[in-house]
Amino acid sequence: MIGSLVERALYGLRRQKLSQDIAWSLGSFAVLAISGIVINIVITALRDAAALGVFNIAYAVYIIASQFAVWGMHYSVLRHAAYYADDAGERGRMLMTAVACTLAMGLVAAAVVAAGEPLFAWAFSSQTTGGAIRNAACGLLLFPVNKVLLAYLNGLRLMKAYSIIQAARYLMLMALVSGLAASSLPIETTSFGFLLAELGTALLVVAYLTKCRLAQALSFSLEWRNRHFRFGTKGLMAGMFAEVNSRVDVLMIGFFLSDRATGIYSFAAMLVDGLYH
5 MIGSLVERAL YGLRRQKLSQ DIAWSLGSFA VLAISGIVIN IVITALRDAA
55 ALGVFNIAYA VYIIASQFAV WGMHYSVLRH AAYYADDAGE RGRMLMTAVA
105 CTLAMGLVAA AVVAAGEPLF AWAFSSQTTG GAIRNAACGL LLFPVNKVLL
155 AYLNGLRLMK AYSIIQAARY LMLMALVSGL AASSLPIETT SFGFLLAELG
205 TALLVVAYLT KCRLAQALSF SLEWRNRHFR FGTKGLMAGM FAEVNSRVDV
255 LMIGFFLSDR ATGIYSFAAM LVDGLYH
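One gets this note's numbering by counting positions in the sequence shown from 1 and adding 4 to each.
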């Protein structure tokens with residue numbers, strides 16, 4: 005009887021798209037969690053607590069800055085990709101405009117964060133941390149574009165592709181950061197992993213969109229630019245508060261204490277957060 009129930013459950017999982025989409029999404033979240041744990045363990049084991057503190061401060065600044073760089077436009081793309089799912093021409097204008105805008109904003113954000121290296125070095129009392137944040141800023145060139153492209157897949161309910169590419173993104177970051185941590189290079193070079201992982205993600209999603217002919221009739225539209233900014237502005241604070249809330253503790257400890265103290269705290273916080281969830 006149990007075997008029959010299991011077979012029926014598996015059959016229903018295969019047959020129902022919603023169930024499949026949820027399963028793929030959960031799988032992607034699992035990869036995210038595992039990759040985060042591995043990165044923390046590898047840096048701590050191969051370097052020290054101070055190195056982990058440097059990386060996590062740079063990561064916190066990177067994530068918060070990325071919210072300004074994308075300006076909530078991925079929410080607009082998510083909504084409108086679904087709304088215009090049957091209109092390839094309108095989707096093409098919508099997507100191309102969002103990509104162009106986020107590419108420009110990513111460039112500005114990267115330049116601002118990189119130029120702020122002396123300020124970050126002073127704020128966190130660490131030249132190494134300032135250098136790590138400067139290197140992480142390079143990832144802002146592509147992060148906003150990838151957020152938009154992945155939101156486009158999500159809006160079209162292509163959750164299998166979305167989840168696989170998201171998982172690949174996390175795995176690439178894990179492998180790159182771990183490899184750099186294992187090398188003799190300074191710890192601040194590990195934050196170059198953000199740029200390389202985003203580059204790999206961009207190549208994957210563009211290849212998929214091209215193969216499936218999901219990005220046709222691409223053109224820039226001033227009307228869509230205005231719509232994206234209006235919609236994105238409404239959702240900006242939601243994403244901003246969520247990210248700041250999850251990173252503010254690391255940033256505050258980094259500001260008031262040392263890189264080593266930040267590393268010890270962030271590792272302990274990771275374990276507690278994992279047990280809590």
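Check the hints yourself; a few may be wrong.
Derived CB-CB ranges, DEER-like [unchecked claim]:
hint: 1; residue 1: ALA89; residue 2: TRP126; range: 17 to 25 Å
hint: 2; residue 1: LYS164; residue 2: PHE260; range: 38 to 46 Å
hint: 3; residue 1: VAL112; residue 2: MET256; range: 22 to 30 Å
hint: 4; residue 1: LEU22; residue 2: PRO122; range: 37 to 45 Å
hint: 5; residue 1: LEU50; residue 2: PHE233; range: 37 to 45 Å
hint: 6; residue 1: ILE45; residue 2: GLU247; range: 20 to 28 Å
hint: 7; residue 1: ILE67; residue 2: LEU107; range: 17 to 25 Å
hint: 8; residue 1: PHE233; residue 2: SER187; range: 27 to 35 Å
hint: 9; residue 1: VAL112; residue 2: SER187; range: 43 to 51 Å
hint: 10; residue 1: ALA92; residue 2: PRO122; range: 26 to 34 Å
hint: 11; residue 1: GLU94; residue 2: ARG264; range: 51 to 59 Å
hint: 12; residue 1: PHE245; residue 2: ALA119; range: 21 to 29 Å
hint: 13; residue 1: LEU123; residue 2: SER29; range: 13 to 21 Å
hint: 14; residue 1: SER223; residue 2: ASP52; range: 45 to 53 Å
Think of the hints as simulated: they come from the structure by calculation, not from any bench.
Virtual Cβ for every residue (Gly too), placed ideally from N, Cα, C.
Structure versus earlier hints - violations, ascending order: The structure conflicts with hints 1, 4, 8, 9, 10 and 13, although it agrees with all the remaining ones.
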